[in-house]
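Protein chains in written order, with our numbering: chain A, 1 to 359; chain B, 1 to 359; chain C, 1 to 324; chain D, 1 to 324.
Hints were generated in silico from the structure; no laboratory data involved. Each residue gets a CB set at the ideal place from its N, CA and C atoms; glycine is no exception. Among the hints, erroneous ones may be present.
Pairs of lysine-lysine, DSBU-like flavour, derived with a Cα cap of 30 Å [to be verified]:
(1) D/Lys285 <-> C/Lys285
(2) C/Lys223 <-> A/Lys330
(3) A/Lys201 <-> B/Lys313
(4) B/Lys154 <-> D/Lys47
(5) A/Lys207 <-> B/Lys201
(6) C/Lys285 <-> B/Lys326
(7) A/Lys236 <-> B/Lys207
(8) C/Lys248 <-> D/Lys285
(9) D/Lys302 <-> A/Lys101
(10) A/Lys241 <-> B/Lys207
(11) A/Lys8 <-> B/Lys15
(12) A/Lys8 <-> B/Lys28
With beta-carbon atoms standing in for the labels, derived distance ranges [to be verified]:
(13) A/Glu278 <-> D/Arg178: 33 to 41 Å
(14) B/Ser323 <-> D/Gly74: 31 to 39 Å
(15) B/Ser264 <-> C/Thr198: 34 to 42 Å
(16) D/Thr198 <-> A/Glu349: 17 to 25 Å
(17) C/Thr198 <-> B/Gly60: 36 to 44 Å
(18) A/Asn102 <-> D/Asp305: 28 to 36 Å
(19) C/Asp229 <-> B/Gln342: 29 to 37 Å
(20) C/Asn51 <-> D/Gly107: 45 to 53 Å
(21) A/Lys304 <-> B/Glu10: 49 to 57 Å
(22) A/Lys293 <-> D/Asp305: 34 to 42 Å
(23) A/Asn352 <-> B/Asp339: 40 to 48 Å
(24) C/Thr198 <-> B/Gln342: 31 to 39 Å
(25) C/Lys285 <-> A/Asp123: 49 to 57 Å
(26) C/Asn51 <-> B/Thr272: 21 to 29 Å
Counterexamples of contact, computed for chain C against chain D with all Cβ distances above 10 Å [said to hold, decoys possible]:
(27) Gln3
(28) Arg20
(29) Ile33
(30) Arg39
(31) Asn51
(32) Arg100
(33) Asp188
(34) Lys197
(35) Leu224
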Amino acid sequence: MPEEVVGKFEITMLKVLDVDGNCDETLKPRLSDEVIKKLFELMILSRTFDDIAVKLQREGRIGTYAPGRGQEATQVASAYALNDSDWFFPAFRENAVYITKNFPLEMLYEYWGGDERGEKIPDDFNAFTVAIPVGTQIPHAVGFAWACKFKGDKRAVLVYFGDGATSRGDFHEGLNFAGVFKLPVVFLCQNNQWAISLPDKRQTASKTLAQKAIAYGFEGKQVDGNDVFSVYKAVKEALDKARSGDGPTLIECVTYRMGNHTTSDDASRYRTKEEIEEWAKRDPIDRLRKYMKRAGLWNEEYEKRITVEAMEKVQKAVEKAESVQKPEVKDLFEWTYSDVPQRLREQQEELNLSLKERE
Amino acid sequence: MPEEVVGKFEITMLKVLDVDGNCDETLKPRLSDEVIKKLFELMILSRTFDDIAVKLQREGRIGTYAPGRGQEATQVASAYALNDSDWFFPAFRENAVYITKNFPLEMLYEYWGGDERGEKIPDDFNAFTVAIPVGTQIPHAVGFAWACKFKGDKRAVLVYFGDGATSRGDFHEGLNFAGVFKLPVVFLCQNNQWAISLPDKRQTASKTLAQKAIAYGFEGKQVDGNDVFSVYKAVKEALDKARSGDGPTLIECVTYRMGNHTTSDDASRYRTKEEIEEWAKRDPIDRLRKYMKRAGLWNEEYEKRITVEAMEKVQKAVEKAESVQKPEVKDLFEWTYSDVPQRLREQQEELNLSLKERE
Amino acid sequence: MVQLTIVQAVKFALEQEMERDSDVLVLGEDVGINGGVFRATEGLFEKFGDNRVVDTPLSETGIVGAAIGLALYGLRPVAEIQFDGFLYSAFDQLISHAGRIRNRSRGRFHVPLVIRVPYGGGIRAPEHHSDSPESYLVHTPGIKVVTPSTPYDTKGLLISAIRDPDPVIFLEPKRIYRAIREDVPEEDYVVPLGEAKTIRAGNDVTLISWGAMVRQAMAAAEKLKGKIDVEVIDLRSLSPIDVETVTKSVAKTGRVVTVHEAPRTCGLGAEITALINERVFLSLKAPVERVTGFDVPFPLYKLEDYYLPSINRIIKGIEKVASF
Amino acid sequence: MVQLTIVQAVKFALEQEMERDSDVLVLGEDVGINGGVFRATEGLFEKFGDNRVVDTPLSETGIVGAAIGLALYGLRPVAEIQFDGFLYSAFDQLISHAGRIRNRSRGRFHVPLVIRVPYGGGIRAPEHHSDSPESYLVHTPGIKVVTPSTPYDTKGLLISAIRDPDPVIFLEPKRIYRAIREDVPEEDYVVPLGEAKTIRAGNDVTLISWGAMVRQAMAAAEKLKGKIDVEVIDLRSLSPIDVETVTKSVAKTGRVVTVHEAPRTCGLGAEITALINERVFLSLKAPVERVTGFDVPFPLYKLEDYYLPSINRIIKGIEKVASF
Ligand SMILES: Cc1ncc(C[n+]2csc(CCOP(=O)(O)OP(=O)(O)O)c2C)c(N)n1
Ligand SMILES: Cc1ncc(C[n+]2csc(CCOP(=O)(O)OP(=O)(O)O)c2C)c(N)n1
Ligand SMILES: [Mg+2]
Ligand SMILES: [Mg+2]
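Model the full assembly from the supplied sequences, consistent with the hints where possible.
Structure representation (structure tokens):
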């Protein structure tokens with residue numbers, strides 16, 4: 001009776017496109033040229049949206065904002081892998097995911113501008129609202145996936161979170177449920193190397209975040225999160241697997257938060273220029289551009305055109321968002337319960353009175 | 001760039017003594033005959049304590065009680081592996097751990113009899129109180145181990161919990177901290193196959209509980225929890241490692257809860273006779289007895305003597321516990337804060353008044 | 001009509017609602033084959049199968065978080081948290097999410113879930129098995145909180161809770177799970193959320209309570225019969241509170257005692273005092289008296305009779321306001 | 001004397017206590033090289049090193065649970081929870097353990113920890129960054145709760161909290177972190193826990209508040225100068241409450257307004273009403289008025305000015321009780 005091996009595990013890392021845009025054709029997912037261009041355009045649109053959001057915040061036109069720069073490949077490619085009937089559950093940095101699924105841009109600006117109406121997701125849009133408390137959306141996605149299974153839907157659920165979220169009990173309890181009930185959910189961890197000022201190496205002692213799946217008895221894998229092809233391939237496979245009833249997957253997308261944590265943050269306090277420069281070389285947009293150039297899918301004129309188009313869309317969204325009327329007193333009271341209880345009616349009256357007399 | 005392997009992991013299971021008492025001498029820890037007898041006697045004492053506790057509960061002399069029958073090897077051998085300066089943090093079923101460390105038996109009965117004074121751990125006894133909310137003691141043990149490291153102590157901390165506890169956020173957050181800060185703590189999971197009516201196979205989809213350590217970047221291992229030698233060896237090594245600054249270990253002791261979950265539970269509702277009989281064959285006390293018989297360390301007279309001694313000790317403890325005066329009104333108020341705030345003094349007065357008038 | 005205890009009424013309501021609506025499902029620790037540690041879900045597993053009566057891992061955040069996800073989809077999850085003291089680890093999901101999702105999404109999403117929690121003291125239980133967490137919950141916007149004190153109300157309120165579009169915490173007074181047996185209609189009926197019940201008419205003092213304390217309150221009122229004429233209100237719905245029933249009674253009696261097991265400070269008793277103060281101040285003939293648990297952790301059971309409001313303490317409270 | 005803001009006073013107190021006692025250590029998310037998201041720990045990492053100023057994983061249960069373990073050993077951990085809304089996930093550790101360990105062990109163990117929490121609204125923050133959780137905490141036996149409203153009190157109360165043998169939740173009114181700058185002694189001093197402060201004398205109405213609302217209360221009192229003579233009390237210590245200072249004032253004025261940001265129902269305002277009712281009922285000339293946050297989730301920032309008690313609402317409250 002020597003020490004018997006009772007479990008063996010392996011974690012792999014998928015890279016399809018390297019930093020220079022060289023592609024491993026054997027691994028490349030089947031994507032038409034049109035789709036590849038679409039992914040590129042969505043990344044450009046997302047980055048434009050993001051840049052303008054940061055600018056708006058500086059001008060005091062929206063509130064604290066969490067930029068997504070650098071994470072476009074992960075967000076766009078994963079969202080693009082969703083079927084129409086699938087759902088996604090975001091954390092708070094997933095603007096590019098919403099954008100890829102064609103969410104009204106102006107609503108995103110409204111939300112970041114401090115208005116709940118930006119979170120009134122359109123009825124036919126399969127996504128949940130932003131979750132600010134880190135990791136807390138994970139059990140919701142799991143419960144939703146459970147409902148899909150309960151109903152016999154052929155639907156998968158994709159839930160986004162960061163490296164920091166893996167330290168939270170919500171992550172643990174959610175993933176464990178998913179494993180036990182074999183739920184159709186894909187856990188997409190955007191390991192952007194930082195949780196505010198904490199590098200992922202000090203968030204956990206585990207070498208990869210992907211290996212955390214071993215604790216829950218399902219597959220975990222790493223992918224190069226700055227490569228649209230890797231992300232698309234891994235997420236698509238995992239969603240298909242989920243829909244076929246083969247259970248959950250944890251995907252760690254290794255990427256980088258190129259900007260500050262939020263507009264209130266100053267990342268230069270805790271990370272080096274060298275690191276930033278190093279990761280700038282792996283910019284997901286540059287990388288796809290290099291590939292497209294080589295594949296004859298890109299020229300300067302094309303880039304110019306889509307950049308202008310993106311800026312137009314974004315500008316229009318800003319205008320729309322800013323032309324929305326300020327929410328009213330009743331908006332404070334109307335949405336807490338299905339009906340407005342008497343105490344809230346009275347409180348609304350109280351507020352109205354105090355506002356009137358002020359005039 | 002194929003899918004690159006970025007992590008490889010293996011989980012092993014340690015068995016030294018088989019069900020028939022055959023011992024793998026190459027793996028056996030160095031333990032003198034005296035110590036082996038001591039371990040046996042502690043198991044007998046623990047089981048006696050346990051049987052009497054169940055009886056007392058039936059007679060209404062103590063409250064709800066969580067029996068430890070079947071888990072004696074795990075509890076006694078692991079506690080025996082502790083150094084004098086080490087600390088342990090129990091869950092709620094660890095009576096045999098306290099007993100092994102020579103805790104006043106009567107205090108255990110006082111505690112289970114609904115009296116906080118049973119939890120006033122003696123000043124020179126290195127253990128924390130019982131934790132009823134499952135898994136919540138894990139972060140405490142981690143924080144305590146952190147303090148040991150902070151102070152440069154050569155101390156290790158041993159924390160006990162069950163298979164059920166591994167599903168809780170407290171487990172996750174605690175183990176992750178321990179990994180990140182490389183703390184001198186040993187996580188001892190008593191996988192007794194059941195969390196009330198939930199079998200461990202439905203508690204989690206992971207094949208072993210030991211493999212959950214992979215998520216935190218430190219070692220996890222399974223041991224046969226009904227074998228004192230396996231448990232002692234693994235826990236001793238892990239404690240030594242912790243004291244040497246080499247960080248935490250998760251040890252899954254595979255054992256069985258032979259009794260009901262608590263005296264309020266009826267395990268026959270959810271598990272089969274066959275299962276119970278199967279595990280009865282692996283009774284940790286029987287197993288060590290078989291070994292000792294063969295090694296010439298056991299005879300009937302010896303067993304009789306230690307059984308009588310155990311019963312005497314237990315009886316004396318019951319008497320002592322039952323002769324303790326009922327706690328007084330002031331005991332309700334005195335221990336919430338370092339000083340008794342005015343509102344509590346007033347409330348105590350209020351209660352006293354109402355009691356007096358009743359007379 | 002069937003004769004049922006409170007815990008049987010829970011089961012009866014669950015069973016009927018599960019029959020009526022195939023989107024109702026039960027989840028929690030040991031709710032399946034074991035029928036729940038209090039047997040409140042006994043037989044449901046056998047009847048509805050493991051798809052609709054689901055044993056979960058030991059994971060309160062997981063249970064409440066998953067229930068939110070199930071409810072978002074449109075199902076009607078009824079989760080059991082095994083004991084009061086284990087609800088705290090799900091507070092974040094309750095406070096940050098269950099209570100805010102409708103508001104945050106401007107009505108696009110809502111979470112019609114029920115969390116059943118056996119609560120309160122008096123059963124000689126271990127630590128963390130005797131808490132009364134209602135004040136935390138009532139302070140939290142967006143969730144409703146109810147607790148029955150009779151088998152009839154149990155069935156009617158639980159059915160209301162399951163059908164309600166908002167998250168409802170259903171606190172079950174475990175101490176009296178089996179203390180009363182009464183006639184309960186077999187057919188489907190509801191006791192509306194938000195309505196208190198005056199269970200004893202009286203002119204001198206208003207006695208307000210809920211859950212297991214209602215029986216203590218009634219006993220105290222009966223003992224004072226002939227001396228002080230006590231009106232007893234079973235609040236039933238803790239959030240929203242039925243202010244009207246309360247203030248109407250106080251307008252008549254001018255004297256009030258509230259009784260609850262939870263610690264006094266910032267307890268629901270304080271809110272009732274404040275509401276009465278704000279609304280019927282001029283009717284008040286005496287300060288509102290609180291007979292409550294003390295501001296200490298719920299003790300191990302040798303001290304629990306000292307901790308819990310006794311009939312004698314309630315009587316003293318009534319006498320105090322009556323003679324003010 | 002040095003001129004400090006509230007957030008600087010936090011840092012100053014931490015620094016001095018860490019110098020004085022090598023068992024004091026700071027832990028939390030981003031408290032190290034980043035100096036905390038509000039810079040409340042700026043420079044401490046450089047001065048005391050990574051052994052005493054520790055960045056933790058993103059893990060509130062871990063932070064509070066580990067702080068309990070550190071404190072059990074006898075260290076003096078000062079943990080930061082980054083924002084009010086993230087304290088909820090540590091509630092179980094606070095309620096079930098921090099507040100009960102001394103009691104459970106009959107004094108064998110105690111946990112002298114401090115949890116610092118920037119709290120409250122008014123800074124145009126995202127969701128979950130503006131809550132006022134004091135009522136939950138005050139209802140919880142075994143923990144103390146304080147909140148300063150000035151730099152002077154910040155330093156003195158934080159030093160008291162760190163030296164206190166019981167767990168203390170130190171709520172920092174983030175809205176006024178940098179709003180005031182005042183003289184703070186460089187030497188070591190304490191403001192005792194449990195003592196309120198009358199910051200403005202008056203005879204007509206008692207106005208009670210804490211945290212960021214104290215400034216609003218003062219502004220309202222000043223505006224009414226010459227018309228209504230308002231006494232303003234900064235409660236400072238929320239648990240235990242300084243009942244004496246409150247009742248003394250009410251005995252004089254007979255009229256009271258409480259002001260807080262948290263939702264009204266079961267808020268600390270209710271407790272104050274109840275205490276006043278119980279103790280100085282006959283002095284009361286008008287119902288105690290509550291000017292509070294409404295019973296809704298704290299809104300996104302476009303609506304936050306409606307949610308928060310405004311100077312105007314406070315004035316109206318004062319006028320109401322004055323003219324009753
Ligand atoms: C429970 C909780 N604790 C703390 C915070 C404050 N906070 C916001 S984002 C963040 C870091 C998140 O890191 P990660 O999960 O890696 O996501 P990223 O910001 O990198 O996208 C922190 C600490 C929070 N929002 N929620
Ligand atoms: C947080 C929490 N939830 C639920 C319970 C009720 N409960 C007590 S013990 C138990 C099962 C524990 O299982 P395990 O961790 O395997 O320990 P064992 O009882 O087998 O020793 C449960 C559900 C609890 N005590 N704490
Ligand atoms: Mg990150
Ligand atoms: Mg177990």
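Here is how each hint holds up against the structure:
1. D/Lys285 <-> C/Lys285: holds (13 Å)
2. C/Lys223 <-> A/Lys330: violated (49 Å)
3. A/Lys201 <-> B/Lys313: violated (52 Å)
4. B/Lys154 <-> D/Lys47: Holds - the C-alpha atoms of D/Lys47 and B/Lys154 are around 27 Å apart, at most 30 Å.
5. A/Lys207 <-> B/Lys201: holds (27 Å)
6. C/Lys285 <-> B/Lys326: The hint is violated at about 41 Å.
7. A/Lys236 <-> B/Lys207: holds (26 Å)
8. C/Lys248 <-> D/Lys285: holds (22 Å)
9. D/Lys302 <-> A/Lys101: Given pair D/Lys302, A/Lys101 holds - Cα atoms ~27 Å apart, limit 30 Å.
10. A/Lys241 <-> B/Lys207: holds (20 Å)
11. A/Lys8 <-> B/Lys15: holds (18 Å)
12. A/Lys8 <-> B/Lys28: holds (25 Å)
13. A/Glu278 <-> D/Arg178: 33 to 41 Å: At roughly 36 Å between Cβ atoms, D/Arg178 and A/Glu278 fall inside 33 to 41 Å, so the hint holds.
14. B/Ser323 <-> D/Gly74: 31 to 39 Å: Given range 31 to 39 Å: holds, Cβ gap about 34 Å.
15. B/Ser264 <-> C/Thr198: 34 to 42 Å: holds (36 Å)
16. D/Thr198 <-> A/Glu349: 17 to 25 Å: Violated, at about 33 Å.
17. C/Thr198 <-> B/Gly60: 36 to 44 Å: holds (39 Å)
18. A/Asn102 <-> D/Asp305: 28 to 36 Å: holds (34 Å)
19. C/Asp229 <-> B/Gln342: 29 to 37 Å: Holds, at about 35 Å.
20. C/Asn51 <-> D/Gly107: 45 to 53 Å: holds (51 Å)
21. A/Lys304 <-> B/Glu10: 49 to 57 Å: holds (55 Å)
22. A/Lys293 <-> D/Asp305: 34 to 42 Å: Distance hint for A/Lys293, D/Asp305 is violated at roughly 52 Å.
23. A/Asn352 <-> B/Asp339: 40 to 48 Å: holds (47 Å)
24. C/Thr198 <-> B/Gln342: 31 to 39 Å: Cβ of C/Thr198 to Cβ of B/Gln342: about 36 Å, so the range 31 to 39 Å holds.
25. C/Lys285 <-> A/Asp123: 49 to 57 Å: For C/Lys285 and A/Asp123 the Cβ distance comes to about 55 Å; the hint holds.
26. C/Asn51 <-> B/Thr272: 21 to 29 Å: holds (23 Å)
27. Gln3: holds (37 Å)
28. Arg20: holds (32 Å)
29. Ile33: Non-interface label on C/Ile33 holds, nearest chain D Cβ at 28 Å vs cutoff 10 Å.
30. Arg39: holds (26 Å)
31. Asn51: Since the minimum Cβ distance to chain D is about 30 Å, C/Asn51 lies beyond 10 Å and the statement holds.
32. Arg100: Violated: least Cβ distance 4 Å, not greater than 10 Å.
33. Asp188: Its Cβ never comes within 10 Å of chain D, the nearest being 32 Å, so this holds.
34. Lys197: About 20 Å separates C/Lys197 from the closest Cβ of chain D, which puts it past 10 Å; holds.
35. Leu224: holds (21 Å)
Hints 2, 3, 6, 16, 22 and 32, counting from the list given before, are not met by this structure.
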